[in-house]
Each structure stands twice: as structure tokens, then as C-alpha cells.
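**Student:** Go by the hints and put chains B, C, D and E onto chain A.
Listed here are the chains, written in short residue letters.
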Amino acid sequence: MQVNDNKDFQPLIVAFCCNWCSYAGADLSGTNRLNYPANVKIIRVPCSCRVNPMFILRAFQRGADGVILCGCHPGDCHYTSGNYFTRRRMTLLFSMLDFLGIERDRTRVEWVSAAEGAKFAATMNEFTEAVRKLGPNRRLEDLRCRKQ
Amino acid sequence: MQEAMINKAKQLLADGTVSRVIGWKRGEFAYDITPAVFETAEELEREFVFDDFTSANVSKYLVKESQKEGKVLAFLKPCDTYSLNQLTKEHRVDRDNIYVVGIPGGPKLDIEKIKAKGITGITGVKNDNYTLRIETIYGEETMPFYEAVLDKCASCKSKKHVTYDELIGEDGDVLESNRFDMVEKLENMTSQERYDFWRGELSKCIRCNACRNVCPACTCENCVFDNPNSGIDNKAPADSFEENMFHIIRAFHVAGRCTDCGECSRVCPQHIPLHLLNRKFIKDINALYGEYQAGADTTSRAPLTNYTADDCEASVVHERGVE
Amino acid sequence: MQRIGVFVCHCGTNIAATVDVKKVAETLGKEPGVVIAQDYQYMCSESGQNLVKDAIKEHNLTGIVICSCSPRMHENTFRKAAAAAGLNPYLVEIANIREQCSWIHKDIADATEKAVILGRAAIAKVHLNAPLTAGESPVVKKALVIGGGIAGIQTALDIAEAGFDVDIVEKNPTIGGKMAQIDKTFPTLDCAACILTPKMVEASQNERITIRSFSEVTDVKGFVGNFTVTIKKKARYVDETKCTGCGLCTEKCPMKKVPNEFNMGLDNRSAVYIPFAQAVPKVATIDPNYCMMLKTGKCGVCSKVCSAGAINYKQQDELIEEKYGAIIVATGFNPIKLDKYDEFAYGQCPDVVTSLELERLMNAAGPNGGTLLRPSDKSHPHTIVFVQCVGSRCDDSKGKPYCSKICCMYTAKHAMLIREKYPDTEVYVFYIDVRTPGKNFDEFYRRAVEQYNVHYIKGMVGKVTPKSDGKIDVQASDLLANEQLHIDADMVVLAAAIEPDKTARPLATMLTTQMDTNDFFTEAHPKLRPVESATAGIFLSGACQGPKDIPETVAQASAAAAKAIGLLCKNSITCNPCVAHSDELMCNGCSSCEKVCPYGAITYIDKEFRMPDRTTKVRRVASVNPAVCQGCGACTVACPSGAMDLNGFSNSQIMAEVDAICK
Amino acid sequence: MLRISADKIYQLLEAASAAQTVYIPADREDGEAEFRKYETGMQLTNRLNTLRSAKDFFFPQTENLVEFRMDGKNIEINDIRRECEDFVIFGVRACDARSFTILDKVYLVDPVDSFYKSRRDHGTVVTMACSRPAETCFCQTFGIDPTAPEGDCSVWNDGSYYYFQPNTEKGQKFVDSVSSLLEDGDTAGLDKSVERTKEVMKKLPLANLSAENFGGDKLNEYFNSDKWAELSESCLGCGTCTFVCPTCQCYDIKDFNTGHGIKRYRCWDSCMYSDFTKMAHGNPRLTQLERFRQRFMHKLVYFPANNNGEFGCVGCGRCLSKCPISMNIVKVMKALEVK
Amino acid sequence: MNANDTLIPHIGIVTDIRIDTPDVKTFRVEAPEGGKVFEHMPGQCAMLSIPGVGEAMFSITSSPTNKEFMEFSIKKCGCLTNWLHAMDVGQMITIRGPYGNAFPVETELKGKDLLFIAGGIGLAPLRSVINYVRDKRENYGSIQVIYGSRSKDDLVDYKEILDEWMTDDGVEVDLTIDNAQEGWDGHVGFVPNYVKELDPSTNKTVLVCGPPIMIKFTLAGLKELGFTETQVYTTMELRMKCGVGKCGRCNIGNKYVCKDGPVFRFDQLGELPDEY
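Chains as they are written, first to last, in our numbering: chain A, 14 to 161; chain B, 12 to 334; chain C, 2 to 664; chain D, 457 to 795; chain E, -18 to 257.
Please note: incorrect hints may appear among the correct ones.
What the hints assert, rightly or not - What follows is a set of in silico ranges between Cβ atoms, one per label pair, in the way DEER data are often shown:
| hint | chain 1 | residue 1 | chain 2 | residue 2 | range |
| --- | --- | --- | --- | --- | --- |
| 1 | E | Pro3 | D | Asn680 | 38 to 48 Å |
| 2 | B | Gly129 | D | Ser635 | 31 to 41 Å |
| 3 | E | Glu210 | B | Gln13 | 50 to 60 Å |
| 4 | E | Pro3 | C | Lys58 | 16 to 26 Å |
What the hints contain is simulated information worked out from the structure, not anything from laboratory work.
Quick reminder that beta carbons are idealized off the backbone N, C-alpha and C, glycines included.
Isolated chain A (complex conformation):
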């Protein structure tokens, strides 16, 4: 592990949020004026189970340094069971990325309900910090997409 903790590095974070819980949670953290870094960009999906591993890899390819998936708490899925599938899929995908030597702190799944504005902001701050420590994504980037 490098001692350099990449103080000046601003990681780009892509957050996939389900429409019913986490996107609403993100809205709530806005309503409550709770800060998190501007480099967190949210993509709205109907349910966390809409997130295809392709999207996550795509984000890393294009220069994201971290990808986080947020959905309803298990049991609270708007579609009953979507996040249960998400959980299995992402557990396996992240395990595979880890297996390939991609830093495990670059990916995360977090359950954030519509009422958890504070949790959303805290999660984003925490995740950004974890990714910042890792430095830029080099192991899963596409050199062709690197900004000159």
C-alpha cells in the first residue's frame, strides 16, 4: 500500500441509485443540504436490479474511479425482490473483480432508504474518501479514454 494518500486527487464516482429509495434518499440529502463531493454523479435506475455489470465496467473503462450501487433495503424493494438479485449479482461481480486484482474498495453496494438522506451523504463521503486513498483507477481503465 502506498503511503501517499492522494490528498489532491478528486476521484470520479458513479452512483447508480434506484428510483424509489436511494434516489429519493439522495434528494433528501439535498433537501437537508447535506454535503458530499461534487464528483459523485448519480444515475437513476428504476431498481438496483437494473444495473448490469456492463454498466459498472463501462464506468471504469471511461474513467470512473469508483462505482457504487444504492438500492432499497433488502425486503423493502419496490418490486419486491429486485435488490435481492442485485445483492447476489454484485457480490459475485465484486468478488470477481477482486479476484482479478481490481482494488475492492472501488466498488460498493449500499442500501439507502428514501428517509436516509444523512446516510446517503455519509456513504458518499466515506466511499469517496476510500476511493481517493486508492488513487486513480489504473487497473480497469481504458487508456484510449484517458483525458489528455
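**Tutor:** Using the frame of chain A, we list chains B, C, D and E on its own:
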């Protein structure tokens, strides 16, 4: 065995049970065996072969063959029957149109391992009580049989036929195999070491698609990697990212469906141990969601189309193994 | 190439204070495909909306992006505005630059840059948006209630009251269900029959209600608003239209040794029977397992005595197909079988009974005409032990993990009734804890303890052993006194756990609804949609969803009815157009998508394809019913070939957003 | 002939690599050989040939052609071509050396492919005669003498010495750059070694395979042969044969959007792939039969038809060892041949 | 480094867009500095591209005698063509070429009576030849054009046909549409049948282009009328990438459509394997 199989095939052709036989056909040399369809007794007599090199899993051909008119006889090794079951489960084959004769499995030989010993000019390979006598134009060479066994056979998971209409010989059992040893070894490496290992392996990929095209789980009508509208289509690993992506997505698409038949690694011209990716998923599935063997039956729910309310969280990845 | 309009809202100073909106509009105006980019004080105001509408017309826009507050706030507003200007409402995308940008960032440069990027992502998405039309599907104005207990009856009455036809399918010869077997109800101790039977009569007399007794659902096809249900009307060998319910046949029937299910097998009935006096429909049924005529062809007494000529030994099961707009499941519960509980000697000793059996023993219409007598020797019991939680709250496989909810209260009721009627009888209740969270429940329980001196002992009954003298040794522990007890009891009453009816699981499969591991139907949302199943058009009434007492059951029954009425009121259902669809040319027919669909919206069809070489090939392909799909997208990821995609959130759209964000 | 004692060969490679990049066939971890940039301490492989052919040096699997920048309605074209630096490929076998002249017939005919030409102009091919051919070798079928390889400079090794014979100006330049290490010497040992090799070649299982009945004159006869169905029935449609083949030269052109520009690149393509000829409205080669036929017709019939009878195969045997189902050009020739 | 490589395209600017039919537009392309990007002969093609969207081969539909610009009549049928149809005047595209052979206007066709038969968008490649021979009228014999489409609205270049070709003395134009339609008093029927009805003189040299099925029946019809395959030319379309016979996908037998074609005489085509 070969004799018994030819006789069985001839009998089933003669009594009208089947109209075609899928098996293996001898080649130019001792080892270059091609899967083939036989329609007559004469063809069988002339070209049918079953020996230490008939390792190809013919179950994928049944996707096409079982759609044709008339029943097809398939000689399946234990590992191949798992593939067929999985295909049956996914409605990719018409099982009613297939007559499966279970035949004993390997261990089969890997000609590449013989050649890697520097043996060349090979004109014949004989198994003499587990010593291979290899005839070459430069004289005879010998090597222990087990040093030339295919990797997939060396870590055989099962000698049991999970589906068949008839057996030649005895059925075997599911084995305790060491197939996860290498996965475990990698898991115990550091993240950097794993990264270096896989970069070394995957950078060899020439994207010939042999792994995908041989894979009995990859029977999509149109693969996402060939579909210009999928957003991830590509023909060449133009960047290291694409080498990674192809293999990650492919492994993910077959996760919970891969029977671990090992064909991907067998056919890889670059010797990339692709089966390790699939085995990693199998190992994780077994550990996290309970033992699951794809193809063991035709009715169970695949792990990725299933869940329980108290499944582990994805953060389990952070808690395991070496950072 | 699209013609896109971008509209950046100031939201007063909510956005404009931290985001340089002019710069955002200016920067986004240069994006490919953008033909106009404007900013405005309040985009959601009428004048703001007019600005958008005018721009759509003036610039012939093919898509619009609104950079404003959360889409959860005003997406619909702008969709309507677009529609009013002749643009398909699904060609609108919102970039959330308030909640997810201006409100959380302080630095103007950062926030402005982020707003631009969010705008770009929305533009990238709208480039790929396709016009979507919400489909409509007609609603059959008729409901089906499966189960004729109090839940089903209440639901049916409410729906009929609202003016819709409703069928009740009941598998037994009469409706009424469990409540008909109950003697008194807690906490008011009024007579169950007195309050239930009028409802049964009401149901039978309501011209909008058709009671299909002695019938079962065998197949369900279709989807919300348009179900086709096959009902098997079992042969009862009696012509319902002719039978007057006089009961002569039941009296004359020579075969009298049939265990009477209504009285829990505590007495016998005849082979031709009417379950109880107030049965609805009050029509006799011949039990083919016992009827001599049906078994041997010799007898025919009932036929001879029936002046109405209603007996028909040749009757066959009949399959009826009906169409319904809504289906309400009210399959109820049963006490579990106690054969695994040898320690309580149930099955060995006739004086060890379940609570429901006790109800019958105490009921005036029961085997003893309402006098509580021991089943074994018809003697008066002086000591009665109640055992709670038999099979409830179990952590082993013998019982159920859940609390059956009603046992504490009915046991208090039983204890109280016994002490009231037979003051010389000692009553012991062994409990883990007593749960009384309901209106007047705790008061009721306390009355049992304080007023009626029922002995409540916190502890477990370890073993029940019938003794040779006819007494029953109950070995138990008193946890509070920390001592072992032996009670010489005359009767033991087991509060058996309740479980969903066995018909529920096959029914759930037919209905493609979800069940939990205990076979209770799963509601669409545990808090917010407790009476709907996740499958549109299927509603849940009563104990099929979880253990419930009568008032709760009735409340849920009415709630389910209200939801069903809400559906039946519509002439057609507007479907959410953001649904999954399968590209048949790419579909493998592997069934992965079907397995993850929570709504059963995916079916498979064998479709004939014309191949490029002019041959045809029949392939199994997935087909999504847009009326049923709710658009979660689980199937899109399960599909390995990428054949399944989601309208409004397509793979390419989401990837375009990712690209735009990471650019 | 100019020669160097076998134990000094690495001194020679060292000297050569001082002037320009030198690639040699070396062993990799899995025992296969591949061309690697020579660095001190690196060993020449003992394997007969490299797993992949040497065509990558002139026709890499992917290469960027041109870049575009899009700005509103405007497009800016950026010619990213750069002159290639000089390099040497050492140890190319006779079959691969011939493959370059086959590729030349595609890429150097008008209009010349400047990307290929630049590499060809700057690459010096130093070949190495074979002494231990494998059972899969059949270069003789196409008139190639593995004991007399072509290339800019031919090299032989008889066990004791490496012998150098420059054939072209570039070859001469290479020899000159290491001339201080070379000495003139007799070829007695070499002659004997070549003799031995020629004896071995007669014993090769495919020694009698002949291509004389193939060529452009029987185009329709071979095209319409009824053997194709059986030959192609087990073909997986992968691109292994194509990608290990030294003469396969088909490519695809694709655009990659990097987010800040478009990179247009070309990459190897395979006529075995189902989408190779797919168009919006159909595909002239619908089944694997047509695609399989195309590959072998191209090598055995179409290419000779357009190139004075020269075949599009050099008999290197790579497809024989690498095809996952062991279907290959030798089996096709034997099954198809019409005398 | 060589100055030019054919794979590196040039910039073209779309200076005019004409709507021909509901799904065909004709685009005028000029070099940024004005004039044509390159010279060509009738029947030759060019690769047009929007980088990132796609690149495809299109016939150059304007005549080489036009010195100011090139024209392309393009039918909407895929990703790239959808994009092209949606663009506005002033859009830059990339263009490379010319590719392929041309109709032998300066050799075999010279002095001949010419019969052009086209169906639908098939008129596009022939328009270049028709206007070329009209401009060099003295070099050719009679000119007859038989052109048909699904409906009146699907006739490409209808205005030019009416205003220029039909008013041209030495040109006979016979139009037909598949089904009767209001406002159409011309011939109704399929092209192959119309050709037979018109019974053209067999000393004409025929240039035919249209959907494969139309070509097939037209050729059969011509043979019935006594024409031989050596008299009939057509132009082909196959999947092309490089345009110069190197990428290896557009071959029919040993001929590459992009290099040895797209113009073939039917007797030459007959010698090739049936794989197109």
C-alpha cells in the same frame, strides 16, 4: 470400449432408434480428433474413434442436432452429461430427440503437454500401462501417462452420468476434487499479485473466441460481443480493458450455468487458464449460497435467478481473503 | 440526429445561487444535437412551461432536457407540458441540478461544472429516447374471491355492494370457513354463529354474488383486468337447483358412521350430509367415499326419500371457465397437524384436544350439545390444562417459526368460558408469554386471571402422559417459581399453530404470486401495500397473508375489496410504458428472465421464424406482457444474450449516461 | 560463408540490438514460444516455431488508422501515422518468411497500404533454417524449402555454428552491423546438417501432400463440392485458425468513441465469424458451411487465381495444432481434392 | 510516410439536402474549399462516414460531368443512414474514394443504344450514367429508361426525370408503379413485366439495377426477349469495409466487389460462384 460403442451405435441405427450418431472421428495424426456426425455403419467402422484423445465435449452440438429430423445418438462422458442437462434446463436442446449413451470419462490426454516436453514429429501415442510410448520421426519417447493428462481431467469433479438413456460400463460417483486449489491459491495472493497474474494471462488473449464458441453455456442466438447494439461488441482486444471486460462478462454470463467442463481452457490457443474465472464463481456460489452444481439436474433454480432474504451482503468481498 | 431543447431552471435562487445557470445553458447549447438552450426563473411555473411548449413547436424539437429539481418532483409536470405541445412525454429527461447539485455543493465552479455534466448525461440519454405510448388494457368488471370464509364473504359483500359482480369459490360444500366452527369470539364473547350466519345469508341473497361451493380453481391465465379462470365444480351428486335442504335424506341415510369434519371428527355424520344447520348453500352433498350407492350400486335410499328428485348419482365434475378483472385470495388457515408432537399424547389420548376441537366440544351444535364433557368417557372434566405455542414460534422443523397470533386470546376466552360455566373446574394455562396487543385484549386477559382465577403459569409443558385411571399427567416447569410441576388433568387443550391452507401454494403458482417460506402470500409492500400481491390484479384477504384474528381479517377483507373495486371501476388500465421487451431474434428462450420476474409478466411462446435462407424455424422465445410488467429491469440483467431491454432505461441509454458522466 | 560460433550467438544479438530493436523467438512461461524484444540474458527458444505467427510485426492485431474530433457540425481529421523505427525479427522460419511475400501481394499492391508498408520498409527479416520439423509441417507442399529460408538474411545453425547469408540490402545492412563478430568459414557441417534435415522431411507424415490439383482453374468445381457440409459440420466458427495463421489478412475497421474524440482503428477479423459479411439486409454467407468454405477456397483457389497460382497457405501447421476441433486445411485438401 | 492512404478520409460538407421520397434523400457533398472532393467515373462509389456512427459505401449518383459537387441518393435503412437523414445542411462528413470500377462508358458502351432499367433506389447508380451519356449525347445511340417503384411517391429523382430527362429529345422514359394510385395515369405493374410489354430492341445494351428479386426477373425477361447475358450490366452491393480489396469480405469467388466490381456484366457474374 471403441468396439462396444461402434456396435451400440450400429445397433441403434439399425433398429431405427436413432438416425444419426454424434461422436469423434480420427484424424491425420494420433491425436487430432474431430467431433463428427455419423449416419451409416460403414462410416462408423471407418472413422469412429474413442481413445485417450477424444476429449471434446460434444454436447453443444446437440443444440443444432436435436432440432433436426430424427433422433440423434450422443456418446457422452460424465462431464458432458452435465452440459447436456444444463442445456435441457435452458430449453436449448430437445432432450426427447437425443438418445444418450453414457460412456466412461477420462482421464484424457493433452497433446500440448506432450509437445511441451520437447517431443516433436509425433506419429503415434500408446498408453502402455500408464507409460506413454510416443512414436516420433526422431525415435520413440516415453513419459508418464499422468504428466500428459488434460488439466480438466486432472481435477475431474464427477464420474457420474447425470442423464443417460443407456450406459456402457459402470456409472461412477461424484468425486472429491482438488479443482478449487488454484483459485484458493490466487485468493491468498495480494491484490497486486493477482492483478499481475491475470494481466500476464489475459494479455495473451487474441480474442479468437474459441473459449466462447466451444462453451456449452454460450449458445446465445446472438452473443452480446457480436452485437453492435450491445455497446460492448468488439473483435479484438484493442486495450487491456477489453481483454478484462470480455472475460469478466463472459464468466458472469455463465455464472451459475457453467458446469465446469473445462473446454474453455482446453481450447485456448494461448493456454489462458480461463476455467479459473468460472471456478471462482462456482466456489463463491458454493460458499455463499450453498453447494450448487450446474447441470446436476434439470429443474433446480440457478443461483443467480434465486435469492434468500438473508443472503450475505456484497461487502462480504471486503471481509474475505487477502487485500 | 435529434433536435434537442435544453431548459435550465433557476428555481429562484435555489439553483441559481450556486450554479451559474447562464453558463450551464450556454455550455449545453453547444452539445451535439442541441438546437436551443435557455434558462428561466421558474421552469415549472406556467410561463416556464409555456416557454418549453413554445420552443418545442418553434424549433420542432425531438427531445427536451430540463435541468431543474428532482424528477420525482416535476417529471410529470414537464411530461404533460411536452404532451400538450405535441411531443411524446417520454422524450423528456430531467437533469437533477437542485437536490443533487446546487443544494449540496457550495463552490459555484464545482456546482456549475457538475450541473453541466448532469445536463450532458441527460442529453446523451434523450438522444436515445424513443417515444413511448402507454398501452391500455380493458377491465372485466367482475371479481373472483377464492375462499368462502369470513374474509372471502366480507370481500365479496363489499365488492357486490359497490355494484360489481363477484364469484366466491369455496372448496367445501358450504361457505363460512373456520368462523362457522367457532363457538364464541373474543374479547366480546358474542356468539360467532350469530354474527357470521347473517353475513352468509346476505352473501347468498345478494344478486351480484354467485357462490360456487364445492368448487376449486384449477387454472388461471391472463393478467390484471383480464384473468381467465377455470373452476372445477366437484360433483356433489345432488342437483343444487332442486335440493330444498330439508335434510330428510341425511336422516334416512343408512351410512351414519362418517367422521364429521365440521365437528373435527368428534362425532359422526351420514354419507349424505349438510355440514351444519345454517350452511349456505343449504344443499345436501353425497360423500362418495362412504355412499353405498356410489361405492357398490346398492342402496339408493336418499334418492327414494327425496321428494324434490334432487339426487343424481351420475353427476360429474364440471369445468367452468370464467373471466374476471380482479382476483382476491382468501384461502385462510388451518391448525397444523400435531402428529409430530408425541410428547403431548395427542392421538394417543382422546382427552388431549386442540383448541378448535374444544370449540366444538363447547358449542351448542357440537357433539355434546354444548356441555363440556371429556371425549373419552363423557365425564365432566375438573382439571383442564392449556398448552400454548404448540408448533408456534418454533426454531426446529417440527413447527412454525412465527407466532400464530390468535392463540393467547382464544385460550383466555376458553379459560374464562369454562370457569364461568363450570366454576369447579381448575384451569391451568402454560405459556411462553402472553401477547395481547389489541383493543380490549389485555383487559380481557387480565379478567381471566384476576376475575376468573385461571392459573397462568409461565413455563413449558414437557410431557403429557395418559394414566391408567383416566387422568392425564402433565409434567411441566414453572419458570417463575423455578420448579417442576405435575398436574393430574382431566383434559389437555393444545393451542396448535395455524398455517396457510394447503391449497394456497398450488394456487400461488397459478396466480404467479409470491409466497414466503411458510406459504403465506407475500404482499406487494409490507407497509404500504399490505393487501395487494406483487402481481397486479391479485389481492390478499385474511389469514392467507398471515395469522389474523377476526376483526383484522374483516378489516383486511374490506381493504382488499376496496383495492379491487378501485381496479374494477376503471374501464381500462393504463399501462406503464417503461416496461421490458424482448428482442425475439436474440432471445434464447432460456427462462432466466422468467425466473427473476416478480410479476409473472414473462411467458414463453413457440414462434416460427423465417430464416434468411427462406426456411422456417420454430424457437421458444420470451414474451413480456406490458400490462403486467412493472419495469424493474431484473430480467434485463438475467438475460445473457441482451435480448431483454427496458423501455425508458435501455442498456444503451444508461451506458450513454455513464459515458457522458465519465467524459 | 559468414559464420559465428554457436556459443557467441548472444554476443551477436547483443550487438545487433544496440543498433535497432531485435525480436527473437523466446520461451514464455507456459512453454510456448513467442517473439519478444531481445534483452540481455534472453534465450532463443528450442521450439520449432512461435505459437503466433510473425505477421503481427507488419500487420498488428489492432492499429489506429486515424482520429477524428467532432465539434458541432464540424469534423477534424487527425492523421496519426508516424514513420516506423527500424527493427529486426530474428529467427523467422521459412514458412513465416514466405507468408510475408503473400501479405505483400495484398498490402503492397495498388493502392498501397501505407501502414503495412512503413513497417515492411523498416523491418529486417532474418530467417532461420529448420532442422527438426514437426509432424504438422507441410511447407514443402507449397514449394517452400525449410532448409533454405527466404527473408532479408538467411541463417542456418548446424549445432556448432550459425551461418549468415544476406539476400537483400536490408539483410546486408544487418550483417554489416554485426560483421565484426562474423568470420568466413567452410560450410561442411552445415551441408551435413541440411542433408539430415532433408532426410527427415521425406519421413514427415505430410511429406506427400500435394497442392497441384488446387488453384484458380477449378473454382466452381471446388466451390460446389459436396464435401463442405461434412467438413464444416463441427467447425465452432471461432477465429483461432485465422488468428494463428501467418497469411490470413482480413480486417475490420471500427470506430471507438473515447469520449473526447473518435479513434478509427482496424483489427484482425475472421471470415469464420458469423458477422463477417453480415449486412443490414442479410448475409451472403449464412451458415458456417459458407464461411468455412470461404476460408479454404480463399487459400487454395481464389488467392492462386489472382496471384499466378501462388497459394495462400505456407504449411506452417499452426492451425493443425491449434484448432479446437482439429479441423484443418490438410484434412480439407485431402477430402476435397479432385484429380 | 506516404502522403496519402486511401483509408484516411477527406472532409466533405453537405451543401444541399433534397427529399426524394419518404425514405430517400439526396445529399450534395462538396469539398470544404468548394468543388468536388475527388473525380470519379459513372458507377463508382465512395465511402461516406460520420465518425463514431458508421461508414458505408454509396454510389455516386451525380454525373462526372458535374464539376461542382457530388450527389448521393441514400435510402434510410440503418444506423448511419438514419443519422444522415437527420442531419442538416452544413454538416461535415468524411468521404473517401472513388472505389470500384465504372460502367464502361468510354469503351464498350460507346456508340451503343442504351437501355436503363431501374427499380426503386436502384436508379441511384444509373442516374450517374444517364446524365453522363446525356451530357455526351453525341457518343451514344438511343437512350431508353424504364423505371419503376412501389408508388409515385417512391420514384427517386422524379422532378429531374420530369423536368430534364423527359424533356430531353433523345431520351425515352417509361415509368411504372407497382399498384394503381390516385393522381397517377401512367403505367401500373412490376418492372420486369413492363420491360416485356415494351419489348425493347435486342440490339440495345442494358444497364439494370434494383432489388435482387427485380434484377432476377428482369434478366429472365430480357433473355426471353432475346437478349444475351453479355449485353446486360448490373452493379452489386455487398458488405464492404476497406473499399480496396484488402479487408477480405466482399468477394464473390475471387472477385472483390469493391475493387473488381461493383459493375459486372452478367456473363462475368455467371462464372462466379453463387454466393451473393
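**Student:** Give a verdict on every hint.
**Tutor:** Hint-by-hint comparison with the structure:
no.	hint	verdict
1	Pro3(E) / Asn680(D): 38 to 48 Å	42 Å, holds
2	Gly129(B) / Ser635(D): 31 to 41 Å	34 Å, holds
3	Glu210(E) / Gln13(B): 50 to 60 Å	54 Å, holds
4	Pro3(E) / Lys58(C): 16 to 26 Å	23 Å, holds
When held up to the earlier numbered hints, the structure conflicts with none and fits them all.
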